[in-house]
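Asker: Dock chain one against chain two, each of which comes alone in its own frame, and use the hints as you go.
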Amino acid sequence: MHPGAWWLWALGLATAASRTTNPLLLCLLVGVAGYVVAARRTDAPWARSYAAFLKLGLLVLGIRLVFAVVLGSPIPGTHTLFTLPEVPLPEWARGVRIGGRVTAEGLVFALYDGLKLATLLVCVGAANALANPARLLKSLPGALYEAGVAIVVAMTFAPNLVADVARLRAARRLRGRPDRGAKALLLVGLPVLEGALERSVALAAAMDARGYGRTAQVPPAVRHTTTALTLGGLLGVCAGTYGLLAAQGAGYGLPVLLAGLVAAMGGLWLGGRRSVRTRYRPDRWGARAWLVSGSGIAVAALMVWAASYADAPLHPPAVPLTTPDLPLWPAASVLLGLLPAFVAPVPVRSPRPPSDGHGHAGSAPRSPDGDPRRTRPTPRSWGGGPRRTRPAPRPPGGEPRRTRPAASHQPGDGPGPYSHWKEIRR
Amino acid sequence: MSAAIRFEQVSVTYENATGPAIRGVDLAVPEGELALLVGPSGVGKSTMLGAVSGLVPHFTGGTLHGRVTVAGRDTRTHKPRELADVVGTVGQDPLSHFVTDTVEDELAYGMESLGLAPDVMRRRVEEILDLLGLAELRDRPIAALSGGQQQRVAIGSVLTTHPRVLVLDEPTSALDPAAAEEVLAVLQRLVHDLGTTVLLAEHRLERVVQYADQVILLPAPGAAPVVGDPAEVMARSPVRPPVVDLGRLADWSPLPLSVRDARRKAGPLRERLSGLTPPARPAAVPDGPGPGEASRHGAEAHQDDSATARRPRRGGLFRRTVKAKAIEPRTVKAQTAKTQTVKAKAAKTQAADVAPPAAVSGLAVRRGRVEALSGVGLTVRSGEAVALMGRNGAGKSTLLRTLVGMHEPASGTVRVGGLVPHRTGPRDLLRHVGLVPQEPRDLLYANTVRAECEAADLDAGAAPGACRALVAELLPDVADATHPRDLSEGQRLALALAIVLTARPPLILLDEPTRGLDYAAKARLVEILRALAADGHAIVLATHDVELAAELAHRVVILADGEIVADGPTAEVVVSSPAFAPQVSKVLAPLPWLTVPQVRAVLEPTA
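Chains as they are written, first to last, in the working numbering: chain G, 15 to 440; chain U, 375 to 981.
No wet-lab data here; the hints were simulated from the structure. For every residue, glycine included, the Cβ atom is placed at its ideal position computed from N, Cα and C.
Quick list of simulated restraints, FRET-style, between CB atoms:
1) G:Pro-88 to U:Arg-797: 48 to 54 Å
2) G:Thr-229 to U:Thr-437: 22 to 28 Å
3) U:Thr-451 to G:Ser-214: 26 to 32 Å
4) G:Thr-229 to U:Ala-559: 35 to 41 Å
Looking at chain U on its own, in the form it has when it is part of the complex (with noise of 0.2 Å):
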């Protein structure tokens, strides 16, 4: 079998660099195979998958010492559009992929750069509609799709132009279970059937290892790659999957890759859990401490008075006396007026405190004629931990974005902390609700670390100095003049939550935080997240990724068409739904344990 893609010895060295983005590169990806590219953030996958494509040099700029080889052309000497009838690119975003303006539009375009015969580019159009099941989509504008149609039409478009070699960038990161699972699945049918050649990166293994023929991990920047059989790479991978992760736990060998081959080999530790009981996390705090005096360990040493007075300690006997107030107004009339004044400034700012993070009910939000969210009824205590999950375009996004009052109910009530959140103004509402949204780049407007802390000092009235105390401790490593642009995904999501707490919300609202983050990041950001829930914050995390969801969330609520389509403890609402379980409970299954860390808690004392 001949190599489809072949690497000699390649280097790439990008201008203005320190040192080689990849080194000494040197492998043969064989026709119809599947190649999995893996490794932690900014190892250079990016530059592989475009050295490929014969984007680099070509249009990155950089130099390219030995030689890269796609189906017998060299990218020495063919720019990539000569590459084009060869290599399919699909980069890591569908929508910056798209030239026209409609789904058939884009399927034929590139078949018309090519300069192929109108019956021919007509036929493989229907082909491809059929392939990908987008028949029904033909004439939708693309700007209407969802995600995952957005992703097929991209995976489509190319396949027009019958590539022998697709490369592809993190085609499912922002994916629904399901919609990846089509997508994964349309990849295995043109290796099977077709003998396409597949290169992929992703950074979701658990969804992708096992379709993969050969792993490619680079274990670190300008290291050389090391590339073998999918189980062999895994048990020397610094990333893995939970499954592979149980697998080493328990020393199976040949590792499994899939759930269906660690079921098989599973039954000794099933039986070996089935008298024990998962530990128990730290529960939600449905009474506890606020998070006004529980997370100011860390920023106490920043807190100035008024902050302090703002949200003042919950004295059982002052709660009291608020409640009476609130039920007999008549009796506080009575009272003079100065001290009327007084207590009633501070029975509103107790009322923020003493109501729950967020209370959500029967909630309606229409986004144009759509219908958006329906009936949605949702109370969040303090110190709890919730997952949002749902299709894309469930609507979890826009019920966090009404959290913080960017979209007007149509019908229901929504409170933050007893504030109505899109009449409150965005200074007040500051204290009582953050967003780091699905880019955290949207939130960062400085030129320098150091600046945007101090803006977000000044936003918050917090102490100066607050913000960059949390980013110290979330980021250890980032200097003050390092532009935030210049961050990894993963250092830029935990800027944009530093910023978001130096208000000290109460409530903490996250949208898609780990997509683009490798596990490293990912057990960075749970880490942090269960310290801020211990802390008594309550967090709200709309996500497609249910290992995330598993780790870290007391609470599971999946949405479907704008409703609530269950809610519950994460471990009922997930081990029943196929779509949401984590790989650990699909292998321990009927057995409720959902992640590595609580496998290996019971397993290690005893071992």
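Next up, chain G with everything else stripped away, as it sits in the complex (with noise of 0.2 Å):
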């Protein structure tokens, strides 16, 4: 399925997240998200960053509340739960409060406000888990190719920095260091950034040799249209913004926005023609994708609309402390974020766990040298799944079985010469 779907399906909820502070709805949501994770997520590397955007927004709670005991809150309240010793200021520090009176209606506020926070990072967390990034960056319009690998280039290496300071971390032990603690972890800096260095540049050296920006000519006519166009758009798309944000010109803000956005669609589209780029099974949005994302805009048009008819249960006050109630039209609403649960396609597990995919199961022992005393082994696979056979030995010093010579081959003209192996096999 289309990662955009995804990412629709998780703005749809955050939109819907942005506009309520009603706890029991914001822990719908979380819900929701949570349950569809559950289901539809696969064994890949970056679904399990749900857990780490979980981690996260506890943790965005935890300060903001830290914040409300510790700073104050602006919020009037009568129930006083505790006193802390107050920081006397100076008379310029006037608005600022250190310690001092903390309440419940203060803390309630500041749960409300940062459950919203947290429900937020959740649904990004979710469509994190459920679309692979590096898939969606490939949606790009082919002028924005380049930079879309730069992300996903620098997507890639932050696993690869977070494992080098462990195993540095680790070599500390090695050689008699304490490898616990901030200053360990402050002192692996150095060799970190020159391993991760010497890693880029040999990146670097391997996409290049990979045929990385390869450009087609183009004639100078269609060089000069894209960088008219382009900038135009650009100008066009800031002058029609500041137009609708500034207090006069509403009349004109619109239609040169809409221009600006045609000329900058325009310009990446003819620059796309300098790229020879083409794309390898691009994602289809197919029928389940258009659900999925319905789904998410339901969700967030739903609960903007129940903001105009139910406003007051979407925002249950701190002052005065009520129990906050779950309105039924809007819950139900956000239920219908569930709805990819059950029409996304089911991920495909592998049979065993991922990091566990070392090594060549099912794999005979066999000569390092070709000893004359083995005979080669009979079908067997390299994988770990299911047996598959291969090609047999061809006989020593037999015929080579291929009849056609591998002919100098222009790419992508017809079957290569790697094509015969389909023929070779049976």
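Answerer: Written out as structure tokens, the structure is:
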């Protein structure tokens, strides 16, 4: 399924979360996102990011509460829970308070507020876990391809960097130095950076050797038009946005913005002609993608609409303290977000956990240099899965079975030399 | 036949270098041949490979004189990206080659860059998935694959563009024997059936030399290459596999390159050897002197009193007293408080010394959801060298890391000199066990060798200069001010080993020590490790290198899927296993000879 559909769905849930502070609705949203992730995520490394985002959400919530306790809250409250000693501040810092009275109302307000932020983070985490971010970037227009690659490379570097830090911290232990604590972490900084730099140079060399950055010849007229369209379009977007936001000029703002957008899109499209790249198996936007993205958009739209008819239950007041209740219709609309758990394709789970993918299951020991005592192995597999037949070895000294010579082969013209393998295998 | 790769009077000089990295290279590799590039470390093999793919000098800088033509294109006028459709390059580390994150996308990446039509790309990806046996892995994240699988994906990712020339830098160094064999089988098939030209640099000649059509020998830095038939070049090469060594020893002509050829000629040799027994190597000393005494010969001058006190001499009488105390603690309590503390302290350090350097029983280690080790039992005695072998990912490194306390056992016990490694502080553990990791540079932090040594003395609590003395012994010609990064692979390994030895641990662990080492460096390492074992150090090394295990190890332990499947004397385990048998043993089977030096020791006095 198209990764964009997952992102639309998650952004829909996030929009819904941004429209309410009702903790019950927010918890319901988190539950919906969590259920869909549990039902439809894969074993891939990026799918593990959901737990990380969940922890980040909790951290944000905690920080918000700590701030409310330490710095006080502007919410007037009557239920004092406890009083911290207040730090006397000079005259010029009048508006700031450190310590002092902590009220239940202030804490509840901070809790609702923090919960909203945490829910937004969880929604983003769900999108991350469900859709491979690299595949989403592959859907960018051709002219933005290079920027997309830079982001993908950066994303694969982050886990490598974390692994490096862990490895070097462990290596400190081998030198008899403490391997725990912040100091150990700081001291491995330089070697980690050196390693990352070396790896990026190696990667750049590999990418260059694999044809990254090959460009097609385009006529100068097209090049100039591209530049003009892109620059003009961006200027138009800026001017249009200014017109929309400024007090006067709302009349011409929208048309200028639209014209700018169209020009910029045209520039991007023309710019794509410089790139010779093609796409391998682009994701298609099918019926399932429509359903998944539609469910997210429906949740967002219904919640925005609910804000107009049932504003009070969506924002339970902190002053006076009341028990928030669950408004029926908004809650029902949130449940619409569960749809992807049933319509999205079930991910194919690998038979063994991915980190167990070492070695060559089913590989018989084979002599490293063609020992005559050992016959070549009969059909066997390289991977961990079921056995598959492989071409039988050629008889020593016999005629090669290939009949057609491997003529010089131009990229892209019909069956290549490797396609004979299908025939040979039979 | 036209030449796929042609070097015409090529020399390459890097910036700030004193001399050219390669000089006067003038050769041609015909289409459809497998050319093997050999030579000691640092002679410019990587430079030559880079010159073919255009990365030298376009990417690396430096000056290239002469002309390099690949499939008729001059690399002077074509940048690497413009050669991408005729040259496929796979570097030493497959991980730094990957741009995308799943197998299928990686295979398609090169074709996307070249702008092939979608249906062509789809078909070729399927073909390469089948050709390299990757079909089951197509959706898997690359990071979750084993080393051999990654290497195959890296080769596949350049094959999809149908290059005429394939350039590989040490494609099998990191692989276990079976995985290496698979990669080489693929290469051979490409050459034989598809007419691809392959240029390959490799240190482990015993794995590749019999596949080569042509050998390009770079004898020394800046020297002109010797090009020719593999058997002829091997006859004069400073680097050669054991089977060639054996052939030279036995005066076989032409020199055999494969075990099969050698066996055909080995009849008379086998007869001559059949009545003899291989010279016994110094066996492990089960209860001999501990490293506390024996290894002191080198570092004695630098030993301060406290270090000696820490590891007192084990007199027989004293040891018996300790045992008695361990059995009857009540008797000890009856003694006066003062003597008790003193003696208990002594007993504690003594217990650590009496215990074997490593004792593991019923060990299970989990990493994430995966059971990395289960039910592993292993005891290593002083003076014993144990080789851990097995596939990539069988749990060798995990076992070594558990012995230094990096992993906490899920069940079972681990004792290193009587201590529990993961509960012991790094400073104490250092004196009982030392690990040289797979990447020795992980141990090196300082800017100069001298600073590194001073830090090591401080870490280990050794006398100043102890580490430098060891470095001088292991690396005689390295200046104090050298940056550790400027050392060669072998020198860096020796430096890391010296740092680990500074604390004089009774147990030394090495993870893949011969990766990237040439034969000379390897021979030196074997000498050093043998001397350490003779001194009473226990050595455990995880390795894929069957020749190293045959030369060095008293005992071989084979791991598979986290369990020990074989454990016994090297000769027994290795000879009975087709994957882990060294070449000499295969040639002379069923006679129990493992290495060329063994044969030489018997033959030369009689000759």
